[in-house]
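Engineer: Whole structure, please, built from the sequences with the hints as guidance.
Number of protein chains: 2
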Amino acid sequence: VTGKNTVPGTDTTPAELDSALAAAAAAAGPFAALPPTERAGMLGAVADALQAAGDELVEVAVAESGLSEARLRGELTRTATQLRMFVEVLKDGRYADVTIDRADAEFVLGPRPELRRAKFAVGPVLVFAASNFPFAFSVAGGDTASALAAGSPVVLKAHPGHPELSALTGRLVTEALRDAGAPDGTFAVVFGVETGIAALRDPRIAAAAFTGSIAAGRALADIAAARPVPIPFYGELGSVNPAFATPAAVAARGEEIAEGYVGSFTLGVGQFCTNPGLLFLPAGHGLEGTLTEAASSVPGARMLTDGVHTGYSARRGEILGTAGIRVLVEGETGDGLTAAPTLVATDVPTLLAHQGELLEEAFGPLSIVVEYTDVKKLPAVVEELAGTLTATVHTGPGDGAELSPLVDALRSRAGRLLFNGWPTGVAVTPAMHHGGPYPSTTAPLHTSVGATAIERFLRPVVYQDAPEELLPAALREDNPWGLPRTVNEAGLSAEWGR
Amino acid sequence: VTGKNTVPGTDTTPAELDSALAAAAAAAGPFAALPPTERAGMLGAVADALQAAGDELVEVAVAESGLSEARLRGELTRTATQLRMFVEVLKDGRYADVTIDRADAEFVLGPRPELRRAKFAVGPVLVFAASNFPFAFSVAGGDTASALAAGSPVVLKAHPGHPELSALTGRLVTEALRDAGAPDGTFAVVFGVETGIAALRDPRIAAAAFTGSIAAGRALADIAAARPVPIPFYGELGSVNPAFATPAAVAARGEEIAEGYVGSFTLGVGQFCTNPGLLFLPAGHGLEGTLTEAASSVPGARMLTDGVHTGYSARRGEILGTAGIRVLVEGETGDGLTAAPTLVATDVPTLLAHQGELLEEAFGPLSIVVEYTDVKKLPAVVEELAGTLTATVHTGPGDGAELSPLVDALRSRAGRLLFNGWPTGVAVTPAMHHGGPYPSTTAPLHTSVGATAIERFLRPVVYQDAPEELLPAALREDNPWGLPRTVNEAGLSAEWGR
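Chain order of the listed sequences is C and L. Just so we're aligned: the first sequence equals residues 1 to 498 in the numbering used here. Just so we're aligned: the second sequence equals residues 499 to 996 in the numbering used here.
Only true hints are included.
Label pairs and their calculated CB-CB ranges:
1) A219(C) with A713(L): 25 to 31 Å
2) R94(C) with A821(L): 50 to 56 Å
3) R498(C) with G608(L): 53 to 59 Å
Don't read these hints as lab results, they were simulated from the structure. Quick caveat, the model's predicted, so the values are computed rather than measured. For each residue, glycine too, the CB sits at the ideal point set by N, CA and C.
Structural biologist: In structure tokens:
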């Protein structure tokens with residue numbers, strides 16, 4: 001399919017989609033059966049190919065997205081780095097979670113058979129690319145990297161915001177995989193809204209991943225759940241990313257916090273999943289001047305797509321029209337695709353009285369400063385917040401364990417808690433967790449960034465009393481892939497039954 | 499709520515349910531914050547309490563379920579063993595998956611913050627008890643044990659098949675937890691279909707687990723997916739559990755296989771999740787006499803509930819009425835709740851021509867012998883099978899790697915592959931995987947038996963640059979709980995960005 005759709009606006013035909021899905025289904029077995037070090041080599045080859053074509057990729061990306069060359073060069077490096085992180089995950093081998101229970105004639109509930117469990121690829125994965133990271137969350141982004149690492153072929157539904165870049169990246173990925181020895185059908189790019197929905201409904205697709213809006217993500221999640229055979233749907237949707245500064249934090253470095261906040265909520269024209277949408281400041285914080293000056297000084301910039309711009313304008317209008325909102329910086333949405341930052345202020349009672357208008361993500365350069373009167377009452381406010389990818393706390397001298405109720409409340413709502421920093425700029429590193437309760441994701445046990453993103457595309461299977469010649473390589477006693485394994489010897493249950 | 503519902507047929511009132519949910523929500527934080535060794539002690543106390551009351555529990559269970567005393571005594575031991583396995587899981591500590599990335603000023607994508615990730619309880623869990631294991635998959639069964647181990651309070655919706663046993667078990671669990679120091683609200687039993695649905699829709703419930711029929715499980719899964727905030731729904735539904743015997747297996751020990759098969763599909767009056775519903779035998783196997791004799795000699799026995807009996811009668815009638823089915827043993831469903839085994843035979847073309855009638859689980863003592871002509875064609879047959887908990891292969895002298903295509907095809911459909919044995923009698927042991935693609939479960943990455951069942955109720959959260967005094971115990975540098983941890987030092991990314 002890749003290569004046939006370089007003309008923007010041309011949807012993949014049903015026959016082309018069927019061909020891509022059939023090829024992915026045929027590739028699933030052979031691709032999953034490769035030694036992990038071979039798949040690692042393929043991922044490395046993709047990373048190399050993307051960087052070798054960096055100039056061309058970035059040129060096309062600048063033209064289609066309007067993002068800066070510097071930003072896109074950095075994002076391309078991040079994308080290659082994500083792929084290489086999974087090279088390390090595959091070499092490490094713990095992802096396969098190999099566990100062996102030796103046969104145990106003395107097991108407390110009767111003789112225990114030999115059990116050998118590992119994780120195996122789920123099968124073909126459908127990835128919906130995002131618009132806001134044309135490299136890192138698009139054709140060769142983290143979802144693709146982690147699914148390929150798991151051994152699952154990928155059918156990639158391109159985002160209409162950057163069709164030429166999607167086709168070009170798709171060709172590079174497909175060729176790099178082919179040249180490195182991957183089976184035909186391991187990767188394909190498809191185009192069109194209806195194409196994506198048809199693929200999501202297809203029985204050959206075993207799981208799907210998505211990054212985008214709450215409306216689109218929920219609609220797709222509902223389709224995945226309503227299939228005759230429902231499948232896991234890993235959607236990253238909308239996130240408010242609340243931030244909190246204590247009185248001591250404001251006293252010690254209020255100006256720095258105000259400027260850091262403005263920098264973070266306006267970063268990427270507010271089009272990251274992690275821009276802080278709320279900053280809770282103590283009443284009388286005295287930072288309105290700094291906040292106003294900082295936000296006013298950020299120039300208007302182009303948003304990614306017409307759809308994003310239209311959606312942002314509507315949410316901005318709704319927030320500005322809410323009773324009890326004070327405008328610090330009105331900003332503008334302007335003609336065409338531009339937007340300049342909007343900053344408003346309110347207090348906790350107003351926020352809680354207008355949750356429908358104020359507590360859903362505004363995807364764009366708008367944030368809300370919320371004045372509170374008592375840190376001790378913040379945990380109850382947090383209980384009203386929806387699930388979020390991140391929550392941020394700024395502390396100052398003398399702050400200590402008395403903040404634990406706030407932090408614990410935030411943990412119940414968020415996937416990443418960060419301190420004395422800002423949530424934009426997600427580190428691509430093994431321990432990262434980029435996930436959270438709904439609506440920040442549709443699968444709160446999982447992450448789309450970090451080494452454990454691979455777990456979304458792996459399913460455990462246990463072999464019981466299998467003849468050695470019918471065991472998969474991952475489970476053979478001679479361990480040809482050299483995977484780390486946990487072995488439970490006989491006798492461990494002596495005390496379990498009493 | 500427990501203790502107020504000892505009269506069979508009395509549903510929990512909405513006010514009582516609200517009280518149970520409020521108590522569970524209030525308990526969630528304190529219960530999750532306990533050191534894992536303390537929760538381990540509580541689980542051990544529950545196991546001890548159940549066994550101390552064994553005579554009374556078994557007497558009530560016999561009266562309500564009609565199962566034999568010997569079976570129920572064994573099942574009670576299994577239930578206590580499951581709880582004690584999670585005692586070991588908590589003492590081991592790997593369940594928390596603690597991972598620390600040290601800050602790294604030289605990280606390839608710019609300075610990396612310090613990240614400390616662990617898994618934390620998801621919050622209150624709703625468990626729907628099953629009828630077929632009044633102990634092991636009911637009030638104090640594996641779902642309850644694994645959720646409590648994770649640190650999640652449990653609201654247990656009792657199965658109407660054994661209400662007095664549910665109330666009695668609930669009282670014992672609640673008292674044992676209370677006496678061991680668990681917060682009020684950690685456990686409650688509720689009764690009634692509408693009560694269960696209301697609980698599933700309640701925002702205080704963070705995840706649900708279920709074992710039962712495809713119809714009921716899918717209806718509940720759909721409710722969980724349609725909530726304003728969807729939640730994970732771990733349903734174990736229906737499973738056909740196909741078994742295959744090669745020509746060499748039949749030649750070497752055909753009689754043994756035939757008798758083992760009949761023993762397995764009739765075990766528990768066919769009311770286990772793992773009874774084999776299909777046995778593929780080579781054409782001309784010559785085992786019809788043995789099969790017929792063995793199945794005829796199994797006496798009729800009481801099924802669990804009127805609903806199970808009625809559902810089984812209907813499925814049996816549907817299968818017996820399918821064109822191309824030969825009846826080996828007609829069996830009967832009799833008056834009242836009894837059923838005697840039914841065994842039918844057909845061939846692969848008939849099976850594939852009547853998938854709607856023949857390839858869905860018949861929950862009861864009925865199985866289908868399917869004659870095949872060529873082992874090499876079996877993988878294509880397997881492609882037509884739905885997801886299943888188990889798949890079984892019987893091999894004989896000379897069988898070897900040429901069976902790999904069959905085994906690989908089965909792996910794509912099943913969670914447990916077993917060889918030269920029978921799928922009933924699930925070992926309760928760390929490496930067990932009791933799960934599989936839909937409709938065998940609604941969450942194919944997860945298991946309801948084995949040590950990893952705890953993962954269903956744990957959600958990762960990462961702390962970024964947190965002050966030591968605001969870190970949870972699981973993540974503190976001094977590691978007060980002594981949890982095993984993976985630490986990634988600075989410098990590991992040197993090669994990732996190129």
